[in-house]
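*Asks:* Protein chains in written order, with the numbering used here: chain A, 1 to 340; chain B, 341 to 666.
No lab work stands behind these hints, which were simulated from the structure alone. Since no wrong hints were added, every one of them can be taken at face value.
One-sided excerpt, in silico: chain B residues whose CB lies under 7 Å from chain A:
id : residue
1  : T430
2  : I463
3  : F467
4  : P637
5  : N638
6  : I639
Glycine included, each C-beta is placed from N, C-alpha and C at the ideal position.
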Amino acid sequence: MKRVGLPRALIHYKFSELWIPFFKELGAEVVISPLTTKKIKDIAVRSAPDEDCYSTKLYFGHALVLKDKVDYLFIPRYGGYHKNKVGCPKFIGLAEVLKSMIPNLPPIIMPHFNRAKGGDPRRILLKRAFEVGLIFTKNPFKIFRAIKKAFKAFKEHKRILIIDEETLHKWELSEIILNDFPLYKDNERQLKIALVGHSYVLNDPYSSLDIRSILKNHGIDIITSEQMPRRLIEEQMGKLESDLYFEYEREILGTIMYFLENKTVDGIVHLMIFSCGPDSIAGELAARLSKRHPTIPLLQLVFDELTGEAGMRTRIEAFVDMLRRSEAEQAILLTTKIHI
Amino acid sequence: MTQSVERYYLGVDVGSISTNLAVIDQSKELIDSVYLRTEGRPVNSVQKGIKLMRDKIGEDLDISGAGSTGSARKLTGVIVGADIVKNEITAHALASLHYNPDIQTVMEIGGQDSKIIIIRNSIVVDFAMNTVCAAGTGSFLDMQASRLDIPIENFGRLALKSENAVSIAGRCTVFAESDMIHKQQLGHPTEDIIKGLCEALARNYLNNVGKGKDIKPPIMFQGGVAANAGMREAFEKYLEKEILIPEYYDVMGAIGAAILAQEDKERKKKHTDSKFFGWDIPDMKFNTTGFECDGCPNICEIVEIRKNEELIARWGSRCGKWDVAD
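Bound conformation, chain A alone (with noise of 0.2 Å):
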């Protein structure tokens, strides 16, 4: 059984449903280096190009953690999915950034796909995902039935991850929660956050520092970019005086724009990858938004392998307090004119 690496770092964390029942489906035997560690950091800092970003760098400390250990590494040359707009260049370039700083790494299997560049964005998928296949096996129906099978796992995914607008509702008007844990200790409120930032930030607990967790121990209900509608972050960026070009970022300023206009949660917290170009941009603009509606607070952080866990865990904490203070203070301010 042929065995093919996929580095959980970076669009892993967008397309893993897809990329795994795919390859399983095919035959192969799937090795998936593990959630990211000091070990994995260790060598990703030490290996990487200077100036890559943070997440850019994790992805090739998780490409060497598995290159002994497969027959081919997976590393697709993503250039985006949305119409017209595009991913970060850095997707594009990782396999071919690897090969040359690496010697003797495995064969690497790096389809190139990128829909705003042109063409019938299916036809060209299938193309890719076929010539992918054969690595593998020499039946087309074969490669047919993992395909369609790893498209429909791709949707059930999606489907489950990103909330309907509905339920999104329910959830600005406090009737649900979306995530399950019990409520703060003291009997206050259940405060509402909503985390944005990359994928492979949000659901990377050691690059980001377990941020979720943290939140979570403070008693706060999140909503991440990732889960918001699309069709509510389109929206957005039609408000924009200029489009934004990287397909990331609008989901990730489409959410911080959306909340900020609604103000249907306590407090936004938007989670940067030191060194990261689109970040800069869409980070500078939710700053600038925010002081325009300074109703919902902001807090952004930052993250790279600097980054100290104890000046992180004090802003998030007081962030937090800020948060529960300003509405304790408004509760009052509620009560006594109730009274007069």
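Based on these hints, arrange chain B on the given structure of chain A.
*Replies:* For chain B alone, coordinates are given in the frame of chain A:
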């Protein structure tokens, strides 16, 4: 709550450079405070601080609640038996609001941290902390003072003597120092250089920590660096606004922690005794040991804290398997 019984609350703020303690009464008035250097040994300095406080106010004074804050707040909380452990931003904001309820901006510059807190209608609405750079904090001033062989206490006074500040690159501590040396070699008088340093630090603070913040008066300046009159003058020059320095500027964090402890106790409907270990903390034996966990590739550094040989806290693992919760 019965009015006849006076209640007292203790706040402990342990930062990178200084350790402060404050005891307040139930009307939040400061009874007494202690300020000492942490000297890299927070456990010792907390014990020493408690001893100094005990000598000042007597061991008969009963503590109804204790709070800890500062970068060593978690450790301090364990050592003194704090009822509440809170971050410095909340603590500083509360203390400032107690002394001036109209305050809109709090600038706090401590040993290695500097913060800005934006307050509107007595509510914190925004804040920022310095990130990876310590230029513009107390330790830098400390270092330059000792390099120039001037006691840090005289630094601010000397700066005020100067009529003509030398311009010094304040972007980075290391470059500020080389620039300062260069100006010395050119023969500029020390006062002018010191004044230039204060201005460089104020600029650095406003461009870094205060970047994009709406700094409205009244502005309160606190933390150890507020003792430096040169810094106050520099801030007034750049902000073109009056800078208020509270009377107890150097122990505001501790006062805030004490207020938090009081709030915490008063919020609870049922009266509970404080977890405070008591005034004999200085006589207790605290031990901290560390080891590396090899359970997974994260190789976490675990710290254990023992009081009189009894394990009272353990933390440091990402997965939480070593944590001892009280």
